[in-house]
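J.: Spelled out from the first residue to the last, the chains are:
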Amino acid sequence: MNHFSAGMVREFLLDFVEERLMVCGISAAEVNDDFDLLVSGVIDSLAFLEMTVVLQEQFEVELDFDEIDPVQLSIVGSLCHYVSSLKLKGLA
Amino acid sequence: MSRKPRTLTSGFIHSREYFAERPALEVQGTLLTYGKLYEKAASLAATLQQQAPSPQSDLTAVFAYRSETAFVGVLAALFSGHGYVPLNTTFPPERTRLMLQRSGCGRMIVDTESAQQFNQILEGVSEPLTIILPERRDVGFLAEQFPLHRFLGADDLEPAERWSPVEISQNSPAYVLFTSGSTGIPKGVMVSHRNVLTFIDAMVERYRINEYDRFSQMFDMTFDLSVFDMFVAWERGACVCCPSKKQAIMPQKYIQDSKITVWFSVPSTGIFMKTLGMLKPNSYPTLRLSLFCGEGLPASLVSAWCEAVPQSLIENLYGPTELTIACTLYRWDRHNSPAECENGLVPIGQPYPAMSKLVVNENLEEVEPGEIGELLMTGPQRSLGYWQDPEKTAAAFVVPPGKKDTYYRTGDRVRRPVGDKPLIYLGRMDMQIKVLGHRVELGEVESVLREEAETDVAIVLGWPVTESGAKGVIGFLKKSRRSVQEILSRVEKRLPDYMVPKQVYLVESFPLNSNGKVDRKTLMNLLGSQS
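Residue numbers (the numbering used here), protein chains in the order written: chain A, 1 to 92; chain B, 1 to 531.
Hints may contain errors.
[What the hints assert, rightly or not] Coverage of chain B stretches by chain A, computed from C-beta distances (three or more under 8 Å per stretch; other residues unrestricted):
1. 36–43
2. 88–95
3. 272–284
[Claimed, not checked] Using 27 Å as the maximum straight-line C-alpha spacing, the simulated DSS-like pairs for lysine-lysine come out as follows:
4. 87(A) <-> 521(B)
5. 87(A) <-> 502(B)
6. 493(B) <-> 87(A)
7. 493(B) <-> 517(B)
8. 479(B) <-> 87(A)
9. 421(B) <-> 392(B)
10. 87(A) <-> 253(B)
No lab work stands behind these hints: they were computed from the structure.
Just so you know, these numbers come straight off a predicted model, no measurement behind them.
Beta carbons: idealized from backbone N, C-alpha and C, even for Gly.
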């Protein structure tokens, strides 16, 4: 069992992009599971890389970039699900 | 017989003659050979010439993002004899409109994605524009919606054969790029064909670019480093591999899948790759050249990059847009370079062959070797100045006492080298502040904070601001494995009291500006709003 749920990751993500959502005129309610953070223009690729760094630090996990599908990675639902499925760093 | 003057696209046209069947561009999953890209650009250029004459301006706007139209548009604008003005869909529409209006462009090339912003961009534009959407057949509804402007679509494109090359002066602008101005109004930097050709010649020679090279394309076109990606590659028949947004978030996969040989990015991208475990030993066998530019390059990143790409040359490039892309460079040497780094940053090296430097005090007089001052530069890469802004041009482009040439004031602080030592970048001129009367280098505090927090980025600002400087300094860090208290007690042992941050804020992330650099102004505003 993990110590956090996909919902917690989602909450953290929304918090991270809150300001950008406002700039783009998008409400948090519109960010459903199919919402794509990159394609929607909410964040650019550099900010996305930064967000993954922050996610890793916050949830103490390591994303495996060799196994991730880049098409899925920036979609909110699959990203949250993926991060919550990872094991805590240091645990076998 | 007189020869036509070389322009920014001469190299591309030359490469098309030699390498018509070789790849020139990979974008959106499509490969365009030199022959194909030429044909598309010539067709669009012919359309501009035949159907969109623009006597009132020498500039054409390209409003397109990481699409075929973006690259074809840049070439077509230049083929038609105009300079290009890149616009960016990821910028706030209001800023894009301001850039469009300030440039005075009478015509604009637009891709499908960017056209979605027409409502916000065109509203308030009072001069009629000719707008070409080469990807769209149905443009009639746009003409109805925006009757002031004329719209041309895919069906209106002229055949490539109708393009007639235009003879233009090397001193005319090849592009106008808008950089942020301190007043909040973007400044347009005019870069001439002569400026950029000098840069390109230095680069293709130094790096021995050839038709088998494959260039990364990490920079948006509104960032002048993108000019390197396109035109240094095309000068010698190489391929530009433009990643989609999805590819750009996984740079390691992009470098591997696209078999990149020439990598060019801001150091921030490398720092993220390092943190995300993308710099494993020997990860990128195809890379032969790794270039960084745009912000200070941490030595710790270069060490990690060396492990990941041991066969690659690594160079640190430096230069403001006003001096055409980059004007000094430094080649990393794993034996000697670590000792030449200062504040944990890699030196910016020596001026490009055709450029000369001057390190000056506040009276614009040269300082002694070993002393610190503002970096001024001159030479054929010094740009034409600011678009329709003689006042700002006069303030930044100056003739120092006793000199004949006009120099550009970079606003960057460097140490004047002793002998043949490299130039060391010490931060912006405004990074040196007075704290309670003491002169403080914010860069030095940042470097100590970075080391003690064991992190790649630390930002320090003078705060609260006083008339003569600041009362103290405040730091911003990302989460560290050490506590703030522990970090500060370590910093206290290394710095005088007035340089020790009164407070350190832990931030989840740093606000970045549109070029991917940490936005100090936003941090400053944050402090202002909290007080």
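J.: Would you mind marking each hint as holding or not holding in the structure?
T.: Here is how each hint holds up against the structure:
1. 36–43: It is violated: at least three residues are needed, and the segment 36–43 of chain B offers just 0 whose Cβ sits closer than 8 Å to chain A.
2. 88–95: holds (count 3)
3. 272–284: holds (count 6)
4. 87(A) <-> 521(B): At roughly 38 Å apart (the allowed maximum being 27 Å), residue 521(B) and residue 87(A) break the hint.
5. 87(A) <-> 502(B): Cα-Cα ~38 Å, so violated.
6. 493(B) <-> 87(A): violated, 39 Å
7. 493(B) <-> 517(B): Violated - the C-alpha atoms of residue 517(B) and residue 493(B) are around 30 Å apart, more than 27 Å.
8. 479(B) <-> 87(A): Satisfied, since the Cα-Cα distance of roughly 21 Å is no more than 27 Å.
9. 421(B) <-> 392(B): The given pair, whose Cα atoms are some 33 Å apart, is violated under the 27 Å limit.
10. 87(A) <-> 253(B): Distance ~23 Å between residue 87(A) and residue 253(B) Cα, so the pair holds.
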